[in-house]
Amino acid sequence: MISGDLTVARVLDLHPELVEVLAGFHPHFGQLRRRILRKVMAPRVTLAQAAGIAGVPVEELLTVIRQAVGDVDGPAPAGTGAETSPGAERAGMPPALAAVPADRQVHLDVRDDIGRGEEPFARIMAAVKGLRPDEVLVLRVPFEPIPLYDVLGRRGLAHWTAGRGPADWSVWFYRGPAATTEGEKGPAGCAAGPPAIALDVRGLEPPRPMVAVLERLDELAPGQELLVLHDRRPLFLYPQLEERGFAHDTREVAPGLVEIRVRRAAATGAGP
Amino acid sequence: MMAPGPGRTPSPALPLRYAVTAVAAFVLAAAGVPWLAPELAGHYYHPRVLALTHVVTLGWITLTIMGASYQLIPIVLERPVWSERLARWQFALFIVGVVGVVGHFFLGAWSGLVWAAALVGVAVAMHLVNAALSVRGVARWTFTARLVVLALAGLGFTALFGLALGVDKVARFLPGALLANLHAHVHLAILGWVLPMVIGVAARVYPMFLLAREPGGWPGHVQLLGLALGVPAVVVGVLAQAPAITGPGAAAVAAAVAAHLVWIAGMARSRKRPALDWGLRFALAGAAYLVPSMVLGLGFALDLISGPRLGLAYAVLVLGGWVSLTIAGMLLKIVPFLVWYRAYGPHVGRRAVPTLAQLGWPAAEAVAFALMVPGMAALAVAVAAGEAAWIRLAGLVVAAGAVAFAVVVGGALQHLVPGRVDQLPAPAAPGRAS
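Chains as they are written, first to last, in the numbering used here: chain A, 1 to 272; chain B, 1 to 434.
In short, the hints are calculated from the structure, not lab data. Any given hint could turn out to be false.
Computed list of lysine to any residue pairs in SDA-like fashion (alpha-carbon distance at most 20 angstroms, straight line) [stated by the list, open to error]:
1. K272(B) <-> V262(B)
2. K272(B) <-> L229(A)
3. K169(B) <-> A180(B)
4. K169(B) <-> K129(A)
5. K272(B) <-> G115(A)
6. K272(B) <-> V110(A)
7. K129(A) <-> D109(A)
8. K272(B) <-> L211(B)
9. K169(B) <-> E219(A)
10. K272(B) <-> K129(A)
11. K169(B) <-> D109(A)
Based on the sequences and whatever the hints tell you, model everything.
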């Protein structure tokens with residue numbers, strides 16, 4: 001069964017006649033008739049990505065291809081779990097975000113910058129700076145930009161992420177009630193207190209996890225907890241917390257995932 | 001008081017004093033290469049070459065690893081250091097011992113060498129006690145924890161062997177050929193102490209800085225088994241001058257090294273960090289030096305190559321290429337972090353503190369990289385050729401790189417100057433420091 005994660009080159013190796021079928025399906029694919037372009041691009045692009053490039057739903061593209069080669073046993077997944085077409089990309093998107101019209105979407109694609117080894121941070125921050133309150137930033141990157149979530153979260157931007165392919169991610173940054181990671185329910189037994197502030201520092205390079213935690217401490221109300229998700233026990237953080245009068249409990253949830261609960265020591269009357 | 005503070009990390013001043021002294025030893029060793037070029041063009045069993053070698057192995061490599069252990073044990077093993085005070089005493093004894101060892105080697109004064117080696121042995125014993133008691137309560141015996149224990153055992157045996165060689169200089173008692181004993185000591189140090197420590201720590205630290213997936217799978221088993229079985233076989237085979245034992249042992253170690261490289265390549269490929277900083281480039285360049293080192297090591301083990309010049313080239317590739325570049329890379333991450341933590345950690349969230357990157361000096365790091373990485377290769381070629389003029393030239397390039405590296409470290413240390421914090425901008429708004 002032909003699926004979205006097959007490269008265009010692989011499909012054309014198996015079924016060379018599909019060049020004309022693809023060209024007939026959408027003018028964009030007509031470029032595959034040029035041998036040089038086919039040699040350069042086809043091995044690097046999956047069908048799901050090709051659909052995205054051409055702006056057509058991947059299922060539609062796959063249906064046409066399967067019909068052309070007699071591969072019509074039934075619907076197949078569009079690719080790996082991380083891949084979606086631009087249309088499917090919006091599945092699961094917050095309704096308010098899905099309703100943002102195109103003229104209020106600021107698109108920024110930094111895949112080529114990163115491919116050239118250039119640091120795209122300045123471009124991203126410039127785009128964020130120029131973002132009007134009712135606009136959203138749609139960022140295209142070759143990997144999930146986890147560190148950016150925290151940076152822009154502190155600037156009041158929430159995010160919604162969709163994996164479009166193995167090296168293609170689309171991240172929507174927007175202002176809204178869920179603009180930070182705050183507001184998650186605290187642990188059982190703490191429901192009566194203020195809601196916990198959740199902070200995910202996994203995937204950040206040291207010492208940024210420590211900085212992220214320490215910068216949030218002043219926001220903690222008495223009795224409120226900061227719930228930190230970390231890759232490991234942050235032994236260099238603990239002395240800083242204690243010196244500032246905060247108590248902490250650490251629990252290893254799974255290998256590579258540690259949960260640290262931080263609260264004002266005065267609120268509990270007990271140290272760590 | 002020797003008891004640990006639960007959940008505590010040592011003062012950054014502790015690993016920093018090790019690191020700074022080690023960098024000074026590295027500059028001294030690099031500067032010694034052009035000076036000792038005529039000796040390096042001859043046989044390696046020369047008192048001054050042995051002195052230079054011990055500046056590198058004890059003053060630079062071992063001191064760095066010991067100091068880094070006091071920062072990395074809390075991070076990679078999630079255990080507090082057992083006793084900071086013991087570590088401070090160990091540092092003082094070790095420095096005196098290393099100065100004594102190097103000085104007496106240089107002078108060819110063997111009786112003095114014995115007491116100096118004994119001091120080094122005591123300091124190593126203190127480190128082993130401290131590290132063992134720190135590791136004792138480790139919750140999970142991870143790959144890194146096992147490799148660290150393997151390395152500590154290797155350090156203990158290396159120190160004992162070295163002390164025995166020193167005593168043997170004044171009262172000959174060791175059986176076997178002198179050079180065979182020396183080769184076994186060298187391989188015990190490199191393969192039994194340095195190699196497991198580097199690959200164990202790399203498995204935990206490289207993903208942290210490359211922002212890559214933690215490595216796993218079969219390469220881990222190959223590394224553990226390869227080192228656990230291969231290193232004793234190599235050492236015994238070299239001692240007994242039995243290629244039938246050395247060969248399979250070397251093959252097992254080579255398999256471990258290859259598996260380590262597979263992991264590094266995997267982490268580099270899966271990294272989420274698009275651009276590599278100079279510290280990571282140093283570490284990856286060091287890993288690349290493992291390839292020629294491994295080829296030469298296998299060549300010696302299988303009796304395909306021999307001779308003092310190739311032996312010295314092998315030592316340069318291993319100690320100067322792989323170990324030194326890897327350690328330099330790690331120090332470019334460790335020293336700025338320790339300085340930042342000590343100088344600015346207490347002020348995070350209260351003032352607008354510099355980022356860690358702002359403690360570095362990328363231009364000087366690039367110069368150090370451009371000089372040291374090819375310089376080590378040139379030095380290996382020069383000692384293999386046995387040409388004093390080439391050795392002097394390559395040594396000057398390496399020494400210039402070492403000075404640039406030391407300047408970078410010194411630049412980071414400037415942030416510890418009292419009063420710098422007072423110059424920071426006004427306190428940032430709570431939670432909005434960005």
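Review point. If you draw a straight line from the CA of K272(B) to the CA of V110(A), is it 20 angstroms or shorter?
Key: It holds: about 14 angstroms lies between the C-alpha atoms, which stays within 20 angstroms.
**Study point:** 20 angstroms limit on alpha-carbon distance, applied to hinted pair K169(B) and K129(A)
**Key:** Given that 20 angstroms is the threshold and the Cα spacing comes to 71 angstroms, the pair is violated.
Check your understanding: Taking only the CA atoms, is the gap from K272(B) to L211(B) under or equal to 20 angstroms?
Key -> Given that 20 angstroms is the threshold and the Cα spacing comes to 5 angstroms, the pair holds.
Review point. Given the hint that K272(B) pairs with V262(B), does the C-alpha gap stay at or below 20 angstroms?
Key: holds, 18 angstroms
Point to revise | K272(B) paired with L229(A) [C-alpha distance capped at 20 angstroms] | key: The given pair, whose Cα atoms are some 19 angstroms apart, holds under the 20 angstroms limit.
Check your understanding: For the pair supplied as a hint, K129(A) and D109(A), is the alpha-carbon distance within the 20 angstroms limit?
Key -> Roughly 16 angstroms between the alpha carbons, so the hint for K129(A) and D109(A) holds.
Review point. Taking only the CA atoms, is the gap from K169(B) to A180(B) under or equal to 20 angstroms?
Key: holds, 15 angstroms
Review point. Taking 20 angstroms as the top limit, are the C-alpha atoms of K272(B) and G115(A) close enough?
Key: holds, 12 angstroms
Exercise for review: For the pair supplied as a hint, K169(B) and E219(A), confirm whether the alpha-carbon distance does not exceed 20 angstroms.
Suggested key: Status violated; Cα separation ~67 angstroms.
Check your understanding: Does the structure keep K169(B) and D109(A) at a Cα separation of 20 angstroms or less?
Key -> The given pair, whose Cα atoms are some 68 angstroms apart, is violated under the 20 angstroms limit.
Review point. Regarding the pair K272(B) and K129(A), is the alpha-carbon distance no greater than 20 angstroms?
Key: violated, 24 angstroms
Checked against the numbered hints above, the structure violates hints 4, 9, 10 and 11; every other hint is satisfied.
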